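Engineer: Below are the chains, spelled out letter by letter.
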Amino acid sequence: MKSHAQLARDFLADENRADWHNETIYTFRQKRDTTVASIPEWELMRQAASDIKDHVLANLDQYLEQFEANATANGVQVHWAADALEHNRIVHQILQENRISRVVKSKSMLTEECKLNEYLEARDIEVVDTDLGERIIQLKKEMPSHLIAPAVHLKREEVSKLFHQHLHTEKGNADPTYLTRAARAHLREKFLEAEAGITGVNFGVAESGGVVIVTNEGNADLGVNLAKVQIHCMGIEKIIPRLEDLGIFLRLITPGAAGQRTAIYNAHYHKPRTGTSMHIILVDNGRTEQLGRADFRNSLKCIRCAACLNTCPVYRRSGGHSYHATIPGPIGAILMPGKDLEAYGDLPFASTLCGACSDVCPVKIDIHQQLYRWRQIILEKQHRLSPKKLLLKSSLPFFRRASSLETAGKFMRQLLRLIPRQSFLHQKSIWGLHRDLPDAPKQSFAAWYQQNKAHDKQR
Amino acid sequence: MTSRDKILEAIRRNKPQVANSLPEAINFPDPALPPLQLFRERSLQNGCALIEVAPNDWQALIDNRYPDCTNILSLIPEVEGNCGRETYGDKTSLAQLDLLLIKADWAVADSGGIWISDQRLPTRVLPFIVRHLLVWVHPDNIVTRLSDLYAQLEPAGQSFGILIAGPSKTADIEQSLVIGAHGPLSMTIAMPAIR
Amino acid sequence: MHVGLFIPCYVNHLYPQTAIAALELLENQGIQVSYPADQTCCGQVHANAGMEKDALSVYAHFVKVFENFDCIVSPSGSCTAQVQHQYAALPQTPAVQKVRERTMDLSTFLQNIIKTPRIEALFPHKVALHTGCHGLRSLGLDPRPLLANVEGLELISLQFPDECCGFGGTYAITKPELSAKMGRDKLADCLDKGAEYICSTDQSCLMHLEGLIKRQKLPLKVIHLAELLTAKP
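Protein chains in written order, with this note's numbering: chain A, 1 to 459; chain B, 1001 to 1195; chain C, 2001 to 2233.
Hint data in this document are derived by calculation from the structure and do not stem from the laboratory. Remember, predicted model here, so these are calculated numbers, not experimental data. Among these hints, one or two may not hold up.
Claimed, not checked - Derived DSSO-like pairs (lysine-lysine); straight-line CA-CA distance at most 27 Å:
1. Lys301/A with Lys339/A
2. Lys2217/C with Lys2115/C
3. Lys161/A with Lys171/A
4. Lys1103/B with Lys339/A
5. Lys393/A with Lys2064/C
6. Lys393/A with Lys2232/C
7. Lys2221/C with Lys410/A
8. Lys271/A with Lys1103/B
9. Lys389/A with Lys428/A
10. Lys389/A with Lys2053/C
11. Lys453/A with Lys2053/C
12. Lys410/A with Lys2064/C
13. Lys428/A with Lys2232/C
What the hints assert, rightly or not - Below, a sample of chain A positions facing chain C; criterion: calculated Cβ distance under 10 Å:
14. Met1
15. Cys354
16. Lys389
17. Ala454
18. His455
For each residue, glycine too, the CB sits at the ideal point set by N, CA and C.
So here's chain A without its partners, still in its complex pose (with noise of 0.2 Å):
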């Protein structure tokens, strides 16, 4: 498995796309930048948002029984996934025994983290994603790279390539609404055959007893509204206490994405239509052992908007699939190391920290600070002395005492002097390869301060 770094660097060597990729993102930074200036409540709410969700997850047991206990007597069959088996199992089970083969889904990063596709694929069972974007990655069978744009690595001519091959469309016709509308076509037969529909989850309401699911486009609703079993696939960490707490959420969830005010469609989904069931999946997946990391229990606040990615200058110049994680981005690099610290423990170091992050995110979450944390873990489970490493630890003495350090900078100085501007440590060295080392100085400035003021100051 290559590492964020070795695909961040594959990522950049066609510095075009690279820039191209950039500069879209950025759009839709500078979009909820313009949204959220002209929310003079943005700052009120992001604070309740967060204190919300702080106090949903100290007492997270208690919800999620009233949840259960609410969305049972609206008529709703609840279900707890221990893992994502168990959660692939349960939504494989509720198709049989609906003798259900064709399944329509809309957008939900849950079910690409457990793999619920694949799972259902391998027994069968045809399973459309009907998002637009998701659909299009779906075709091309790769993961999203974005939690709001799944296919915002693509270019149109790439889409437009794709669907000749699968939909048929016309050769070389890229244009936007020509697709999007053959995709509609399309995805409309889909709706129609489809027996049942699931859907992520944006919020369940414990008192309530309902799910909340936000798009723009129509196709949960579609998908959930024709179908004749309705399954909502739900992260524990996705409650809210009351109704009126959607009053806040629902307007931060849309400006971090693209800058809207508002998405198209909240759907507030209590009780199941007569005739049909509905299906609570209530999915745990690491999301408990999180909640016991009091270092970084707080990125279980998250939801999913994705202003961390659009800000993050890291993210819109490496691309999502950098990240090899399913979730991209700054929130995916505190999420992922989590779930497998092996595996993800290169993406805390995916970031200069500047904390851009932290500033955007609209339950403020502390991003940054929890990089710098999971680095702390990374480098202490580290048994392997990297040159890094042995660099830094070998290089601590010389801080904690100032003659020390005065004379290995002195002999730095000298060094970088005499060795040849054309030398490797000037043209190949990874400093090197792109900038110029510094010019050395003959003198310190603690060399300066003692020849020409110190004799001052004790006089």
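Since the structure of chain A is already known, use the hints to place chains B and C on it.
Structural biologist: Just chains B and C now, kept in the frame of chain A:
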């Protein structure tokens, strides 16, 4: 031990020991515009069309505005429509609906969205499956912001409700905005004509 | 008031002119300034690389060196943020608390403590300001009012004013391609807007940017805020 018990037990073991209480309700600042004006502005921004209709003008309006709509389902008494109860249970008929006319329970000024609950919907898929959506909004039913809407809703006994803020849309292909993704291609807000 | 001048380790060794400018600027305010010779480093490089535990001894040394000053002033937003925030990892003795509270960036000291600083500088150039990320976000620095005191200076607005330059400490050497790309984009923004100089609150950003400028022979120069505020014809 069931997964349910396992999960709840793990939460009890791992959750923070100290809990903060829920925050006080936010004292929102007044918006710059009165609700009606704000609602009009925001629904236009969302891509809706705004029209004013006098009680006797409905038929002319439908004829002029939707000349190519043959299958019309009306859930407002002023307009008859030509599709009825038989449509509801039949996916093929539903998919052929051109126009739905419906009354909103509430409208939210700040977002330009409208709220429709189960009581108004003989079948839930209607506002998503039609090609064009026309929503009747009475100015008395416009609340300032989302929190004011939820203040009107009773948590117990909710069944289904939808906030809609415009025609369906997507920008999943190179961020080019396309109006009309899977849901309606257009949405029109109709309000009473001011005489 | 007795101010302790805290000079980041790499500034001491590689950019003495920045430290001299900071000292001059402080002395011009008519206050007592000392540079404690036994200072070493704030420990940030080690901590950000994931070796906070090892860095604690460096933190402790810093506290010992600076605990008796009324104010600890540094020409670096990044090192200041490190002391203010990450020293929370130390046992919070009165000395540690005092040092964390009293350590501040040079621009903060001039703007918030001195309030109407004496600045006599002449710099007839087009300057783009790059406030380092830690200074910008962790400390909320905004040195623009200080630049208004500089005669002849024309402040250029960047298209991406708060974008990270890509230095990021060890990031610059562990992710050289991304780091360099971010830096080149920053420089392109400056050049697009017609800047002659890029001025920063952090010399570390400038070390990285200057390296890129020289390698690509770009018509752009770097200058630290302290040098700018003491620039003479």
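Engineer: Which of the stated hints cannot be reconciled with the structure, identified by number in ascending sequence?
Structural biologist: Failing hints, ascending: 2, 4, 6, 11, 13, 14 and 18.
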